[in-house]
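Make the full structure from the sequences, and use the hints.
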Amino acid sequence: MVEDVLSTPGHLISLAARGFARLSEARLKPLGFGVGQLPVLVALQEDAANTQRDLARFARVEQPPMAQMLARMERDGLIKRTADPADGRSSRVALTTSARERMPEAIATLFQGNGEALEGFTDAEARQFVGLLQRLIANLDRIAATR
1 MVEDVLSTPG
11 HLISLAARGF
21 ARLSEARLKP
31 LGFGVGQLPV
41 LVALQEDAAN
51 TQRDLARFAR
61 VEQPPMAQML
71 ARMERDGLIK
81 RTADPADGRS
91 SRVALTTSAR
101 ERMPEAIATL
111 FQGNGEALEG
121 FTDAEARQFV
131 GLLQRLIANL
141 DRIAATR
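Okay, so the sequence shown: first residue is 1 according to UniProt numbering, each after it adds one.
Worth flagging that the hints you see were computed from the coordinates, not collected in a lab. Note that the structure is predicted; figures quoted are calculated from it, not measured. A few of these clues could be false.
[What the hints assert, rightly or not] Across the chosen pairs, the derived CB separations fall in these ranges: (1) A83 with L15: 43 to 49 angstroms; (2) I137 with I107: 30 to 36 angstroms; (3) Q134 with I107: 34 to 40 angstroms; (4) P104 with V130: 17 to 23 angstroms; (5) N139 with L15: 18 to 24 angstroms.
Beta carbons: idealized from backbone N, C-alpha and C, even for Gly.
Right, dumping it as structure tokens:
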């Protein structure tokens, strides 16, 4: 019975996620980034979000942890905040020039790690694997939304 539990998709995905996180963290740290900051960094780089509320939604985290992360990122010189001209209670968040300049290397580092992790997979298998994971995440989001 224990073997069956340790072979479930949830457990295996959790192990894979922790492995990816360790690998990414080790490779991003020298660049001054943390793996947990990636959704925020990407959202800001791609202009997909620029307020704390929108960044929290984009990264799929609650507001308090996002506020803490943004405070650390500001302290570390990765982001800057400016007053939102449309809403005096809110601020706009942007990448600093330094962070923006380091992003291409960070992204290349992540792609390299993903490529290494998928060693032995054909291109078709890698695409299928990503598609399956996307479907799984959509199912989990749907389940969570009904609760």
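Hints and how they fare:
Distance hint check: the CB atoms of A83 and L15 are about 44 angstroms apart, consistent with the given range 43 to 49 angstroms. Distance hint check for I137 and I107: the Cβ-Cβ separation is about 21 angstroms, which falls outside the suggested range of 30 to 36 angstroms. Under the hint 34 to 40 angstroms, the C-beta atoms of Q134 and I107, about 19 angstroms apart, miss the expected range. Restraint check, P104 to V130: a C-beta distance of roughly 22 angstroms satisfies the suggested window 17 to 23 angstroms.
Distance hint for N139 and L15: a CB-CB separation of about 20 angstroms, consistent with the stated range 18 to 24 angstroms.
In summary, the structure is inconsistent with hints 2, 3 from the numbered list given earlier, while agreeing with the others.
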